[in-house]
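Given chain H, put chains X, E and D with the ligands in place with the hints provided.
Here is how the chains run, residue by residue.
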Amino acid sequence: MSGINDFVVKFATVNGSGSASANTMFAKTLFRMGLTVSPKNIFPSNIQGLPTWYEVRVSDKGYNARRAGIDLLVAMNPQTYLDDLAEVVPGGWLVYDSSMPRVWPRADVTVLPIPIAQMCARKWADPRQRQLFKNMVYVGALAALLEMDMEVIKRVVSDQLKGKEKLVAANLEAIDLGRNYATEHFVCPLPIKVRHHDGAKGKIIVNGNEAAGLGAVYAGATVCAWYPITPSTSMVEGFEAHAKRLRVDKDGKKNFAIVQAEDELAAIGVAIGGGWNGARSFTATSGPGVSLMSEFLGLAYFAEIPVVLYDIQRGGPSTGMPTRTQQSDLLSAAYASHGDTKHVLLLPSDPTECFSMSREAFDLAERLQTPVIMMSDLDIGMNDWVTDAFAWDDAYVHDRGKVLDAAALDAFKDVKGKEWGRYLDVDGDAIPYRTLPGTHPSKGSFFTRGTSHDEYARYTENGDIHARVIDRIRAKFDTAATLVPKPEIDIRDKAGKVGIIYFGSTRPAVMEGQDELNAAGYKLNSMRLRAFPFGQEVRDFCAAHQTLLVIEQNRDAQMRSLLMTEADVPGTKLIATLNYDGSPLTAEWVRTAVLKHITPAKQAAAE
Amino acid sequence: MSGINDFVVKFATVNGSGSASANTMFAKTLFRMGLTVSPKNIFPSNIQGLPTWYEVRVSDKGYNARRAGIDLLVAMNPQTYLDDLAEVVPGGWLVYDSSMPRVWPRADVTVLPIPIAQMCARKWADPRQRQLFKNMVYVGALAALLEMDMEVIKRVVSDQLKGKEKLVAANLEAIDLGRNYATEHFVCPLPIKVRHHDGAKGKIIVNGNEAAGLGAVYAGATVCAWYPITPSTSMVEGFEAHAKRLRVDKDGKKNFAIVQAEDELAAIGVAIGGGWNGARSFTATSGPGVSLMSEFLGLAYFAEIPVVLYDIQRGGPSTGMPTRTQQSDLLSAAYASHGDTKHVLLLPSDPTECFSMSREAFDLAERLQTPVIMMSDLDIGMNDWVTDAFAWDDAYVHDRGKVLDAAALDAFKDVKGKEWGRYLDVDGDAIPYRTLPGTHPSKGSFFTRGTSHDEYARYTENGDIHARVIDRIRAKFDTAATLVPKPEIDIRDKAGKVGIIYFGSTRPAVMEGQDELNAAGYKLNSMRLRAFPFGQEVRDFCAAHQTLLVIEQNRDAQMRSLLMTEADVPGTKLIATLNYDGSPLTAEWVRTAVLKHITPAKQAAAE
Amino acid sequence: MSYIAKPIAHHPALPKNELGLTRREYEGSMSTLCAGCGHDSITAAIIEACYELSIPAHRIAKLSGIGCSSKAPTYFLGKSHGFNSVHGRMPSVTTGANMANQDLVYIGVSGDGDTASIGLGQFAHAVRRRLNMTYIVMNNGCYGLTKGQFSATNDKASPSKKGEANPFDPIDLCQMAIQLGAGFVGRSFSGDKKQLIPLIKAAIGYKGFAFLDVISPCVTFNNHSASTKSFDYVRAHNQVMGPLDFVAEQSEITADYAEGTSHTVTLHDGGRLMLHKLGSGPDGGHDPRDPDAAIAAIRSNAKKGEIATGLLYVNEEQIDLHDAIGTTKRALNEVPCAELCPGSKALDGINARFR
Amino acid sequence: MSYIAKPIAHHPALPKNELGLTRREYEGSMSTLCAGCGHDSITAAIIEACYELSIPAHRIAKLSGIGCSSKAPTYFLGKSHGFNSVHGRMPSVTTGANMANQDLVYIGVSGDGDTASIGLGQFAHAVRRRLNMTYIVMNNGCYGLTKGQFSATNDKASPSKKGEANPFDPIDLCQMAIQLGAGFVGRSFSGDKKQLIPLIKAAIGYKGFAFLDVISPCVTFNNHSASTKSFDYVRAHNQVMGPLDFVAEQSEITADYAEGTSHTVTLHDGGRLMLHKLGSGPDGGHDPRDPDAAIAAIRSNAKKGEIATGLLYVNEEQIDLHDAIGTTKRALNEVPCAELCPGSKALDGINARFR
Ligand SMILES: Cc1ncc(C[n+]2csc(CCOP(=O)(O)OP(=O)(O)O)c2C)c(N)n1
Ligand SMILES: Cc1ncc(C[n+]2csc(CCOP(=O)(O)OP(=O)(O)O)c2C)c(N)n1
Ligand code: SF4
Ligand code: SF4
Ligand SMILES: [Mg+2]
Ligand SMILES: [Mg+2]
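Chains as they are written, first to last, in numbering that gives the first Met the number 0: chain H, 0 to 606; chain X, 0 to 606; chain E, 0 to 354; chain D, 0 to 354.
Only true hints are included.
One side of the interface only, derived from the structure: several residues of chain X facing chain D at Cβ under 7 Å:
1) THR221
2) ASP248
3) GLY268
4) VAL269
5) GLY272
6) LEU298
7) ASP393
8) HIS397
9) SER444
10) PHE446
DSSO-like mimics (lysine-lysine), calculated; alpha carbons at most 30 Å apart, straight line:
11) D:LYS344 to X:LYS249
12) D:LYS160 to H:LYS163
13) H:LYS252 to D:LYS155
14) E:LYS206 to E:LYS78
15) D:LYS161 to H:LYS253
16) H:LYS165 to D:LYS161
17) D:LYS328 to X:LYS243
By construction, these hints were calculated from the structure, which means they are not laboratory data. Note that the Cβ used here is the ideal one computed from N, Cα and C, for glycine as well.
One chain only, chain H, in its complex shape:
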């Protein structure tokens, strides 16, 4: 299967050893050679000294899912030697630091020993350098083994180390060291190697959190509050970094406010306060934070305050696997808070959508006057993806929703034929008009509260009024279903009765899996959900198929539940197709899981 421009390399190192930047340079070089790479960082929940892996799949077909079966493993961590060796495919290669030589108990793997530590010890005196450059040495060896373009490597190194020119030279020396050693001692290149290609032309390589942060800048977000938590921290860091470049006045003053809150309850509270006061506000967190925010999310739902929450999902339940990926916060996000509460969810599938859907999230939050939750995950958020370049239409006008300024307040009755009421449905779309503090000296003030209120925002304990108000809020969800991003539907067989439903970061694996199935004669339709609540297109797709495999990365088939209860799809035709071991999916997994279900069906049909 593997070959030129099509293989998987895995680096087994120790965290805190500086391997991350070397590994990134490796991936970036291949990307710049025009290849689709899909690096996955598998890191522990600690800071230094524990096993870490970096897995890079290379594809000239544009596939960017993980792929099982390691062709070449760079084993730098004796702690994991045995497990690492076991992962290499028969016929594969293993590079290791042979300064401490050892016997590798597999005959079907070609071991490529390089005395990296010794080489570095000879070359550099400073212990820190000795340590750091070890990583560049193996990159250099790979350059020879895989025949990477040295010009490209050099540019990558100097781009990465911009401003630290002295370091560039030293890094390149280390690369040469490795490359020369490999050239001298091994038959280079290996059968798996790279050639310039144009599959990744026009694409960019970026992680979803940075994309989302940039998206929030473009969306016009100004108030951000957060509390650090893996894997969401870098989303806010991305926002800050881009805002610092793009949103600072000449006098150095910022056109944005970031508050590092004392916890998640405060973070969402700040965001809600900002939304109430008319700023585009957001916070980012992961599962534990969503749990802590749930009381406040109910307030924003009932008091109808726009706010955007990025949930970068990780492995649950509880603190769970904080450095692994899952899609297991769906139910807790959709129904966050007690009482009858439902939230709008957006389901980005890659960094490009993290960027573009950010704009949609803020627009929807203000249009619908309600929290909107972006359901990203660790795989999208923290791994680098080869993805479509970001695009922006300068003609686009941000949708700030129904906000009345002083003039609109004065004219309201004339224009609409009714007195203004904060919670009055004037337009029949269940969305009322809001006013911001400070707008008008005598009109439009009201009291926002989480207790029951009537259409004029007045406190009430009248049950009929309460029911009427929450009925309207529920109806707003119907409006939401018409406004949220539509699903991505891929019809490969118009008469097909089996469909795949999926969403989020499993997209590459599912698309590749579908191609594989296609090649094997199974033409399957698929629908990628992009939002909750579900629009008509979702219902139609479900109605048009007899069997729907719902692929999701959680144990409890949470999206399947939502489809049953919120899109009236019969559970009998929704097949839970689940993975929850914390790893990004592979096409192989998808293929196997799908075949398991459709093969008996096919057989039954044949009988």
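Below, chains X, E and D with the ligands without anything else, positioned relative to chain H:
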């Protein structure tokens, strides 16, 4: 419809005016005369000066649901005069304080004016007494109008005021004042009146919170942490009051610990700490508290710590209607916390079950090593119910679940054939054995955590192990389904295809509604759910019926959702039958809602 | 019940402030608190302070948590936007509101339960961030709205209405606020309008975190004779520290103070605070510019069962969260998206960086 | 990765404590913290203290929140039950555990993020309730586990590794603890074993809330030369207040102190604390029994950029939450249900009351 021993009296007063105790005496007198009374307190979310109502339905058929249509209204609050008058049925009566006389704009209501304030002003000098005794005066008038047994009233007054003998006499004087006035000025008794009866024989009158508090005492709960919130506060007060009488050593030392926490996060944390350390621990709250507790509930779920949470539900979303009743926390309780998390819920329907299910809740929490949530509500919790007396079987041994003491630890391997592992499923029921801190000098210690762990409680980041562990925890839910209280099934027509599903405080209304429907020729079967997850009986009942009306007090048909997703019942046959205005249901509402659905069906069948 | 609108009878002869508005126009709807509740007196003082300061009401935002005290904003400034958020979380909501628009005046109202129990963390961190707001705790030593349980500010000696002793030491919010860096810290009493109104006015004019702990007896649950939060107790044990005059922006300072015994602090809104030293006793000798002395004075009074009131501490350096994080002077909610969005051109450069 | 078990090589010649146990038997699994992390030194000090006190390890419960610091309990006392709860909530979990069984020793470990940010409310209220526990904050001025963001204890002057200035004042947890009524408050430094071990021993022996703020440099994110939480800075600015000797239960007091310059506090476990007054300077003149002096000393040192360490405050009256709420002396988790359940007979009387 109304008549002897069958009517509704409503008191319209102002809170903080002392009417509550007078109203209670009224209800208790009727109860002691053998009648089923169902008082409902309709109070505002404030402390003093706002309208409050107390509605007492009297039934000699044992019905204790609310009933619409007020026969006699005691109007003591001028603020609500007009609304109150409108509630009286044609032919009904209205008693009011005619010290400030007024014209009542309804000819079909008999107005019975009593110059109560004047009478009290003449009789008492102290302004506080003048105020307080007004309430006893109207009770006295009712005694005459309804021909209540004066001997019973006297006993009720003296029981209620035990220890304050001076007050008893004054109260009785006030009652006489009212009674004499009524006898002199009106034709007494009215057609609606009471006679001794034995329908309530053997029953008790009590609210669910006090019953639950007592239940926790009987269940052996020792650690309680809480934070005040309506309507759960009185549950803890009930526990405290009974524990103070039943659980104090001779030296005054308490065999229980109650911590008034600083908030709900701390309250559930304390309860979890107690559960971890082997005490039966609980907390009580309402919706907002459940939201705040959700992170911790996920920890207890994943780390497998027994804890009991009483959720006395009120009107949501958000702060909502804090003094009204709803059943709208089902989803947020069942799935509290991010990640894949599910909780066991118990669904008491009256104070008797609040008592008995408390024992079951603590037993199940320890047996299953997981949080168990008692889903009570404001109607059960804060209103007085005529209900079956509490019962206790002294032969019963509390089920403390699988806890190993030092001897059991030493013998474990011999007995079970395996080394002990905190999270190892030895018995095939998915429930492992736990140990408590301090048990054994060298065995059984382990580290409890919310991060992923293997069967030996060791930290892991291995996804396969993680998946294995959460699969077992999910399997524990199957065990739970066999252990939780079974539904109450009422088959009135063996061939019936329409069934009613309901739970909790709607029981009286549904049962009475079923009787009415029965009388009208509609024999409907019903199933009262008593727990989540659903056992086989629930599935069987659903399978046996074509149409199932799911009656619940929330907007989003939350129980219907759970039945669809967790018992595989097709949504098409589950008819959402919803009420969420915050009032306890009436049989009339049930009858109408049911007929709306079954009448077209019947017609269709006839065609 | 529904919202109770107060009839606004405009009396032509009512006095007017600089904006030409009467006191009535600073009122809110009718109070639904218990008759005699201390909170209503604080409400009245807030109305008076805003009226006297001639602040346009719609430029004030009033925020609160949950509790009897947190209901109070409904009863003042009906022309202001209000936000009755969730229990204990007013500080974070106010932080966000302030970040979005620094041009409004923010008045936060909270209870001792709301602040010292569930909200302690948010309170502490809002203080630490020097959020520009006036934070008023209506402190009654109990949870009024949930029927009188002890709060964390209730004194150890002070029993409940039923006579149960409170076994825990109180949290002194003023002491904590000073320690955490609040710029302006005062304590007062709902029954002492004369002291309270100038404190509120000064707090509103102060830039930074201005904290007022106002003892406000709960007549229903915590006003019995043994309670240290009762009207009688507070009246008898009130030790005024640093008496103060508030002089509005334009006004002349007319009173005549002996050299060296007074000090003027100019507030951010142009108003001035006149601090008087009366003598060297514990009451008058207090210099509110010294945080150590303020803490010591609070502690030594508390030890004697006395309550130090007045302006306890003021930091003349008036800075706030916006200063700390370096935001623009504009209200962020008024910067149009078109200006905030960098556009497609910038994006080309950004895409290039990801290649 | 999986749990790393440490090989327990029993060396016959290792010294043993009164229980006949070696230090090794108080250790836990191998640390996964960064090499050189201050937290590991505190871990070592806890091991040493427990070893020297000869506490049976299984009678200790160790609890923590989330963070590098909160991982530490895995690395000591492998024979104790441990509970790594959720972020900032160790105090409540420990409260419940203690309510269930007052016979165990409770050691809580937390970080400055865990305690001073998300957990501030729980910390404050555990202090106020005088929970009988030893609460150790491994204070590095940053969030280690999430990669070095400033925490609320980071000093205003102290920049991040990248050089960004921290714009906020620090929260001083010792000062707060004293103010909130902690019975035993000390500060130390991970690099000062000599001071730290006796403090931990004394804290464990103390009945009530014993708080230790231990400055513990984060070598990865907050140990650069400009950081006030770096090894170098702390070493240079350490002001020892109230030097202390800890004398175990049975031991004789051998040292000889000048009359009037020392005072003995007998701890609940029988151990004794010898407090020495060295002189009248800021260091030696400190009497840890005076809370006002302790607060003043902390504040005045902080103003000078110095860190007051040692036993800052001790309240000789040793009471705890059980005393406050009046529970029985028995461990509640050991009282059998049969005894706790009042039975059917009592129920008859109760039913009668509801008739
Ligand atoms: C999350 C949450 N927990 C509990 C409550 C119930 N509750 C309402 S007000 C209140 C206490 C109010 O006390 P305080 O802040 O002192 O205000 P006061 O009524 O005394 O003025 C509580 C506990 C709530 N509304 N929300
Ligand atoms: C609810 C929640 N929010 C955020 C996190 C992420 N988180 C883990 S550790 C940590 C901070 C730890 O800082 P500190 O307590 O100072 O410990 P240190 O690592 O510095 O020792 C945070 C924010 C979490 N685990 N849970
Ligand atoms: S209960 Fe107390 S705090 Fe609440 S309104 Fe009444 S007097 Fe005021
Ligand atoms: S990141 Fe800092 S606190 Fe965490 S282990 Fe490393 S040195 Fe210690
Ligand atoms: Mg209060
Ligand atoms: Mg830290």
